[in-house]
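Trainee: Protein chains in written order, with my numbering: chain F, 4 to 233; chain D, -18 to 272.
In short, the hints are calculated from the structure, not lab data.
The structure displayed is predicted, hence computed values, not measured ones.
Please note: incorrect hints may appear among the correct ones.
Straight line, CA to CA, 25 Å or less: simulated SDA-like cross-link-like pairs of lysine to any residue [stated by the list, open to error]:
1) Lys210(D) x Gly209(F)
2) Lys23(F) x Met4(F)
3) Lys179(D) x Lys(-15)(D)
4) Lys200(D) x Lys247(D)
5) Lys201(F) x Asn124(D)
6) Lys102(D) x Gly209(F)
7) Lys102(D) x Lys76(F)
8) Lys102(D) x Ala167(F)
9) Lys123(D) x Thr53(F)
10) Lys8(F) x Arg99(D)
11) Lys201(F) x Lys(-4)(D)
12) Lys201(F) x Ala135(F)
13) Lys102(D) x Asp174(F)
14) Lys247(D) x Glu262(D)
15) Lys76(F) x Leu196(F)
16) Lys210(D) x Gly169(F)
17) Lys214(F) x Leu196(F)
18) Lys102(D) x Leu217(F)
19) Lys102(D) x Asn206(F)
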Amino acid sequence: MIITKKKDLKDILAALEGKKTVYLFGCDSCAEQCATGGEKEIKEMTAALTERGFEVVGSSIPEETCYRQLVLKDYKHKKEIESADAVVVLACGAGVRTVADVAKESQPVIPALDSTFLATVERVGRFFEGCALCGECVLIDTAGICPHTECPKGLLNGPCGGVADGMCEVDVTSPCAWVRIYNRLKEQGRLHLMKRRKPPKDNSVGVRPRKTLLRGEGSGHEAGHGRKKQ
Amino acid sequence: MTEKSKLQKELNAGKFVITAEICPPRGTDTSVFIEKARLLKGKITSANVTDNQRAVMRLSSLACSALLLKEGVEPVFQMTCRDRNRLAIQSDILGAWALGVRNILALTGDHVSFGDHRDAKAVYDLDSVQLVETIATLNAGKNMKGTELRGATDFFIGAVVAPEANPWEPEEMKFEKKVGAGARFFQTQAIFDMDKFKRFFEGSVKFNVKVLGGILLLKSANMANFLNKNVPGVHVPPSVIDELTGAKDQLEAGIKIAARQVRELKKFCHGAHIMAIGQEESVVKIIEEAG
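Build out the structure end to end from the sequences listed, making use of the hints.
Mentor: Here it is in structure tokens:
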């Protein structure tokens, strides 16, 4: 799940300066679960903007706002969206981009949230960063604990000198990722994986923007990602 | 063949060597830095030049290493993985060699969240094991992509180990990886438990690397208490704190304690690396006191 948090309202108001009518998009997927883009938050945003003299002409909460077809459907059926001076999106950055790409070039689309990380969900309302989306999974060697994600330095060959009594020097309340990897690999009888020297990361697999094309134009031999071999 | 560094020659000859740390200035005024270098000249074998230590921005360790050479003090060029990607790392290493630097110490580097630029991007394109391997590759006349260099390096490659790390096993694995990657000498983090250090040293003998025990000058009981409270993993023993507290001049007591540690190391170790954090004149006293 993509975790989002609310931007400061004054930043949103600054971006809306000079506009009168506003349309709101939420997202019934990740942002709803983060309590940042569901029905309640749309209501709150509507009230906050109305109070400050804006006219909120309508709102939608697509099932997934990062899904172009769903956003397109709203734009087609609700004429008030296109006529609004601006659109405010309570969704992750991918949601904002999706709406911005569907909107006319002349219509400002403004994010109401900051996108923070891709999470594993411990239970409702408790999120922990789960994956850095680095492009080449190292969990195969690290017993399911990601050094890119859980070590602030992203080290690949074991703990740094800052590990203290098994805890991380950057956040002393968190156990060191590499100590956890060590303990788990030991438990699995696979410590040889940790003894092996890991080469530097191939950062070319993560060159942005990345894409995956399973169908349509450009798919086939290039499918998978946008990496171009030298 | 280029001449080996004094550090390498003395260690290979079995001499007990002493190195110390000098910290670059927070600006372009190098007068104090040079003064410290002159103070240490002839007293130590080589001086480590720290690389934006504690993630606080300072004059570059490469430039300061070159300044030391001009003063006739042999530098150990410290390089962390925090601030440069692999292109910058390799080109700075080549630069250091071209300027006459012969010793290099590879470190991970304190995270930017400790420093004065907490909004900086922490790079860590390589880790310390990969950095050691990169230097070894440049020593072999190639860059990381296998391209032949027009002129290789021949650095004496060093790395860091924390003999008192808890848990020890993951640190031990990393130490062995650094050896395997090409590290030939180690400067350790500060020693607080000499018996533990000795056990580490004895275990390291089979790897045929040179080990310099890290000695941290405790300037006062307050400093020792501060370290215990605020620096994770540091455990200054109560007996040492008592010794500092009971002393008339706590700095003098700290110098005595450090000198005693150096004398201990002389009995079995290859050398001592003194970290005095801005107290270079005390380094001289420690060395004289240790005899």
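Trainee: Could you work out which earlier hints the structure fails to respect and list their numbers in ascending sequence?
Mentor: 1, 2, 3, 7, 9, 11, 15, 17, 18
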